[in-house]
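If you read the protein sequences in the order shown, they are chains W and A. One point on numbering: in the working numbering, the residue at position 38 of the first sequence is 38, and numbering is uninterrupted. One point on numbering: in the working numbering, the residue at position 222 of the second sequence is 1222, and numbering is uninterrupted.
Don't read these hints as lab results, they were simulated from the structure. Since the structure is predicted, the reported quantities are computational estimates derived from the model, not experimental observations. Just so you know, not all the hints are guaranteed correct.
[As the list claims (entries may be wrong)] Derived DEER-like restraints, expressed as beta-carbon distance ranges:
| # | chain 1 | residue 1 | chain 2 | residue 2 | range |
| --- | --- | --- | --- | --- | --- |
| 1 | A | 1152 | W | 121 | 49 to 57 Å |
| 2 | A | 1219 | W | 289 | 32 to 40 Å |
| 3 | A | 1251 | W | 650 | 44 to 52 Å |
| 4 | A | 1151 | W | 123 | 16 to 24 Å |
The beta-carbon is built from N, C-alpha and C at its ideal position, and this holds for glycine as well.
Residues per chain are reported as follows:
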Amino acid sequence: MKIDYTDVLVIGGGLAGLRAAIAAKRRGHEAVVLSLVPPKRSHSAAAAGGMQASLANVIKASGDNEDVHFADTVRGSDWGADQEVVRMFVDTAPKAARELAAWGVPWTRVQQGDNETVINGKKVVISESKEAQGLIAQRNFGGTSKWRCAYVSDSTGHAMLYAVSDQSIAANIPVRERAEAVALIHDGDRCFGAVVRDLINGELYAYVAKATVIATGGAGRLYRTTSNALICDGTGAALALETGHAALGNMEAIQFHPTTLFPSGILITEGCRGDGGLLRDVNGHRFMPDYEPDKKELASRDVVSRDMLDHVKKGKGVKTRLGEHLWLDITLLGRAHIEKSLRDVLEICRSFLDIDPAKDLIPVMPAQHYTMGGVRTNYRGESQGLKGLFAIGEASCWDIHGFNRLGGNSVAETVVAGMIVGEFIADFCDRADSDITIATSLVHEFLGREQARIDRLVDGRGSEDASRLQQCMQELMTDKVGVFRDGRTLAAAVEELQQLLARSRNIGLRNRSRGANPELATAYRTQKMLKVALCVAAGALARTESRGAHHRDDFPRRDDAKWLNRTLATWANEDDTLPTLKYEPLDVMRMELPPGWRGYGAKDFVPNPDTARRSADIEATKKKLAGADRFTVQAALMPYEELLPARLRARNERIALPSEGASS
Amino acid sequence: MTKATEGSTHRQLTINVLRYDPHTPERPARMEAFQVEEAEGMTLFIALNEIRERLDPSLNFDFVCRAGICGSCGMLINGRPGLACRTLTKHLGPNINLAPLPAFELISDLSVNTGKWMRSMSERLQAWLHAREEEIDLGRLEERMDPVVAEKLYELDRCIECGCCIAGCGTAQMRKDFVGAVGLNKVGRFRLDPRDQRTDDDYFELIGDDDGVFGCMALLGCHDVCPKQLPLQTQIAFLRRKMLSNGMKSTTKAEGKK
C-alpha cells in the first residue's frame, strides 16, 4: 500500500485547516490538506451572521476593545474557558478580520451619516461618524456588550471561506478532495500522520507527516435535529480518541441554537435578532423580555434556548403535526434591510417553506448547533497526549468557549487559531527534535489494521444495519442528552449508547462494494460516532452541576467549588464501552476575571473558595496601578503577550470614536 | 403552521435516477425507478436519503449543508440543472427524473467531481485576490472601501461553485477548457475589486480567447439556471465589451509597432 510524505498534514479543508496550512506553507513547510468534500463546501460556509472582532468602527461599538471582548467571551463561557487563550484570541481577532479584508472578503462597510435600524422593537436612526466611512461595519449579536460582529450580509462564512480557499490555491497548497482520514498513525507518544481512505475508489493509503492537524469541525450529526452539515459527524475527534492517548475536552458542552428552521434544523442566523428581530409565541406575544428583562432576545444562546423551551412547556408553543415551534419575527426590519443584510434567510424561507420573511413569521425551534468541546490542546494547539498532533477550530478544545460559545466567536476562532496555531506548527516543524524516524512496518501495521476493519465490514456476517444504529443514536442524543438534562435520563442514555456501540461491532452491509459505497462509510463512521456520543453523554452524567449549555434539572446551580474544571475523556482500550474521564482544574488564582454572575441567566451559583481572595488581589493591583493604561493593568493581572507568536503581537489600531452617549 | 404543510396530498412519487459507476463499467448506464411516498415539506434531499436507507444503499449522491449554501448537490432535475437540497417535491410532478450534471467527471450515479473542475479553473484564471503588498501590517486600520462597492462585490461573491452554470452551458459541453460563467463571474468580481492590482491587460491574458469570454455563444443558460440568481448575463456582456476594446487596443498597438 502507498505511503506519501509531507511536513504538515491537515485533516479538514474548512477555514481553520486552510488558514493553518497557509501559515505553515509561508514558513517554508510542505502542507497537504485532506478534505471529505471540495474545501469551499466545508461547513465554515454556513457561518452566517458574522465574526466577532473588536474593531470598534460603528457608534454602537464605541469603547469596544480586547478587554470588552475578553469579558464577554469569558462570561459567555460561564467561566469554563481558558482565560489566557481567550486573551490570545481577542487580541488576534481584529488582525484576522483585517487580513481577510486584504485577502478579498467583501466586508459590509460603514456608511457615514444617518442609518436607520431597529433596536428593542423600535425604529431608530444611528448616525455613523465621518472617521469611520468605508471601514468594516459591525452588527449586534447575542451575549455581547458592544456591536462587534464584522459581517458580509448573512453569508460571512461563505465569503471568508472563499477568500481563504482562494489564497490557499494561490499558495499552491494541494488538497486531496474526497479523502477521509480513518486512523492516526502513532506509537503512543508521537503522532506520525494518518491512514487515509479515498472516497472515490475506496483505496487506503498512508500520509506520514511531522505535524498532523485535526481541523474537522464539530459533531452535530450525533443529534437528530442539528443545524450542522452532514459531514459534521465528530469522526475527526474520534481519530484522536481512538489513539487511546489524546484526550477530548468538555464533550458534554453542546450548544443548541435558539433559531433553527422548524422542523429541518436549518440555521436562521442570530443576525436576525442582532438586527432587531423578535421571538413571539402562539399568541404573538414577545416573550423574551419576561425571562431576560435586560438582554431580552440577545442573551447568550444557552439562555435563550432554555427560555424558549420553558415557554413551550408552559403551553405557549405553536402546535403542529410535526411538533411545536415558536416564531421569529423579522417583518419589522423591512424588506430593504432583509434583501441587503439577511439575504440567505430570505432565500432559505422562500426555498424551504414558501414564505416571505418580510411579511410572514418564521417557524423556529432550538436545535444542536455547536460542539464547544473537542481534541484538548494546550495554548499552542498541540495535544497533551500525543506529540506532533494539533487540533484547531471546532474540532478542538483550545479552549475559548468553555461551556457556551458566543455567536460570531466560532468563525472568528477558525481563522484566529489558523493564524496562531499555524505559526506554532511551523515552529514545531522548524525544530530539529521534531524530525521523525519511523519504521514502514509501523505504517503498514496501521494500514493493515484499517484494511482489516473494512474487510470485516464488507466480508463479515454482521447483521446490524448501520444507518438504523445511527438513527437510534441521534434520537436518543436529542431526547436524552439535549437542552435539559437529568441524572436518570442521562444514565439511561449512557446505557443505551453502550448497547448501540456493542451492536455496531456487528454491522453487516447490503452493498459489499469497496469503492464509492455510502453504506460502508456510514458503517465505520457510526462506530466512531458512538464513541464520541458516549463521551458527550458520560461527561454530562458525571458533571453534577449546570454550567453554560450543560443544564442539569437535578443540579440547577453552577458549582464553582466542585466543578470549576475541564472534563478530559480518553478511550483507553479498543474494547471499552465507556470513556475514561479525568478532570483538569481551572485555577481561580490565575484568572483575570474570577467567576461571578454573567449578567444574564441564573444568578445563583456556588462560589469557589478562592474567588473572594482572587477578587481582592485584583482590586489591590488595580488600585496600585490607578492611572496606568489598560495594557499595563491587564499585564499585571494575567500576562499573555509572550504566549503569542512574535509576528502577531502588534497593538490593534482603532479610530477615535465619539462616545455613544455624546453622539446620541 | 406554515404554507409548507398545506395541501399535502401524500402522492406516490416515482423517482427515476440515471445510474452508472465508472469503476464497474460492466454494468451499463441505466435509469432506475424508485417509489417514494411524498411527505410534508419533502425535498429531493429527503427523498434521495429515504431511497438510500430503505431501497438501495448503493445509490451515490452528494449533499453537505442541505440548506442551499454549499453547492454540493447540483444535478439535472427533470433535465434542468438545480440544487436538489432545496427543491421541494411538491413543485414537481409525480414522475421525477434525476441525472448527474454533464461536463464534469462522473464519480458515480448523481455524484460528479465539481471540486476538481473548479480548482483547475481557479488555477488557470488565477482566481484569487492579487493584492499590492504581500505582507500586511496586521496592527493597522484596514484599507477603506466604498460601502456601495463592497455591496457590489458581495453580489458577485455569492457564487457557490455548484456547477449548474457549466451544466447549462452550450460551449462547456463542447470545449472542455471553457471557464464558463463561474470563471467569468470570478474575473468580473476581482476586476471590480479596488484591492486587486491587475489591469485589463492581465485579464485579457486570462480570458481573451475562446476558452474565455469569446467562447460564450450568448445562449445564457447559465443565467437562467443559476440558483443564486447572479447577474451572469450582465457580467459576461460587460466583460466581453471590456476585453474586446482591450483586444482592439493591443492590436492597434501591435500594428503601430510594425
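How the hints compare with the structure:
no. : hint                        : in the structure
1   : A:1152 to W:121: 49 to 57 Å : 32 Å, violated
2   : A:1219 to W:289: 32 to 40 Å : 56 Å, violated
3   : A:1251 to W:650: 44 to 52 Å : 49 Å, holds
4   : A:1151 to W:123: 16 to 24 Å : 22 Å, holds
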